[in-house]
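Chains as they are written, first to last, in the working numbering: chain L, 284 to 402; chain V, 3 to 210.
Quick caveat, the hints were computed from the structure, so don't treat them as lab data.
Glycine residues also receive a C-beta, built at the ideal position from the N, C-alpha and C atoms.
Treat the hints with caution; some may be incorrect.
Sample of chain V residues facing chain L (criterion: CB under 10 Å; computed from the structure) [stated by the list, open to error]: (1) E15; (2) E16; (3) Q24; (4) A27; (5) E31; (6) H36; (7) M107; (8) N137; (9) N204; (10) L206.
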Amino acid sequence: MAFSILIIDDSPISRMMLAKCLPKGDYQLRQAGGGAQGLKMYGEQKADLVFLDLTMPEMDGFETLARLMEADPQAKVVVVSADIQSKAREKVLGLGALDFVPKPPTAQKINDIFKSVGL
Amino acid sequence: MNGLTEIRRQAIEELINISFGQAVASLAEVLGGHLQLDVPKVQAVSPLEVINILSASIEEKDEVSLVQQAFSGDFFGEAVLALPGKAGENLMYLVMEDGGFTPDMEIDKLRLEVILEVSNIVIGACMGQFSALLNTVISYSPPNVFLYKITSDRFREHIRAKGPEALLIYTKFAHQEREVTGYLFFFLSDQCLDWLYSEVDNFLDFNT
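Input sequences plus hints: build the corresponding full structure.
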C-alpha cells in the first residue's frame, strides 16, 4: 500500500462524492463520519492526506483541524466545505490546512492537490 | 418511487448543505463577520407538523419575524426565513454599520426592508443553487412578512392551505459576534416529490 487517505465528513453522500473525485491509484482509503472518529482513526494510523469537512454536528471541522494539527503539526489536511465564507477559509488556512476546496469538489481540483503534495 | 429513502434524504441534505453554504457566504459579505452554519435536516411531514417543528426549532415564544416566499418550477413549495428575538433589529444595525450611513427612513420600515433583503439573499441564493444542482430553474413569488408568533392563526392558516404532505428541509445560521440567528425552512409540495426524487437519483448516479 503506497499511501493512505482519510476523509472526515458526517455526510455519507459527500464522502462518496469526494471518493469518486480521487485519482486512481494504489492507496488505502479510510472514512470517518465525524470529527471525533476522524481524530481517533488518525491517531491509530496517520494518513498521508486528510480531507476534512467543516459543518459537522458535535465536533465541527474547525475544532477537528485544530486538534489534529496539535497532535501532528506535519499533518496534511485539505478542507472540503460548503462553508465558503472568506473568514472560514482564512481561519482554516491559519490553523494549518493546506488548501480549501468548495463543495462540490471536482476531480481536477483533487488531482491538482494530489500532485501538489507529491502523491 | 419509494419515497424518502435514507440515501435520498442524505443526498438532499448534502445538496442543501452546499446551497445554504453559498447563501450564507453571500450574506456574510453583506453583514461582515463569520456566520456559523448548521447541518441541514430533511423529513417528511404534514403541514400541521410543520408549525410545531418550526415553533420547536426556534425555541422562541415571543417576537419573531417570518418571511414566507413561494417558489415554483419543476419543483415547488415555500421557503420561510424565521428571525426570532432581536435578530431583525440587530441585522438592521449590522447593515447600517457596514454601510456607514443612517438611511432617511422610519426605523420600523427600515427593519422590514432589511429583513426582506436578507431573506431575498438567503432564500434566493440557496434555492438558486439547489435548483442549479438539479439542473432546473425556479421562479419566486413576492415575499410576505409576518411579524407575529409562529403559532399565530394567520401564519398557521397560510401554512395549512398547502397540500396534505410536505418535505420539510431546515437549517440555521448564527452570527458569531452579534445576536443574530436565522432559521431557514423549505417545504416542498408532495405533488413535486416524484420529480425531485427522480432528479436526486440522477444526481446520485452521476456523482457517487
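Requested in this report: Identify whether the interface hint at L206(V) stands, where standing means a beta carbon of chain L within less than 10 Å of its own.
Outcome: holds, 7 Å
Query - H36(V) as an interface hint toward chain L, with CB separation required under 10 Å - result: Holds, about 4 Å.
Report task. May I ask you to test the interface hint for N137(V) with respect to chain L, counting a Cβ-Cβ separation under 10 Å as satisfied? Result -> At 13 Å from the nearest chain L Cβ, N137(V) fails the 10 Å test, so the hint is violated.
Requested in this report: May I ask you to test the interface hint for A27(V) with respect to chain L, counting a Cβ-Cβ separation under 10 Å as satisfied?
Outcome: Result: holds, 5 Å to nearest chain L Cβ.
Requested in this report: Tell me if E16(V) is really an interface residue toward chain L, meaning its C-beta lies closer than 10 Å to one of theirs.
Outcome: Hint holds; E16(V) Cβ to chain L Cβ min 4 Å, cut 10 Å.
**Report entry** Status of the E15(V) interface restraint (C-beta, 10 Å, chain L)
**Finding:** holds, 7 Å
**Report entry** chain L contact restraint for N204(V) - C-beta distance below 10 Å
**Finding:** violated, 14 Å
Report task. Using Cβ atoms only, decide whether E31(V) comes closer than 10 Å to chain L, and label the hint accordingly. Result -> holds, 8 Å
Query raised in the report: Should the interface hint for Q24(V) be scored as holding, given a Cβ-Cβ cut-off of 10 Å against chain L?
Result: holds, 7 Å
Report task. Under 10 Å, Cβ to Cβ, is where M107(V) needs to be relative to chain L, so tell me if that hint holds or is violated. Result -> Since the shortest Cβ distance to chain L is 29 Å, the answer is violated.
Comparing the model with each earlier hint shows violations of hints 7, 8 and 9; every other hint is respected.
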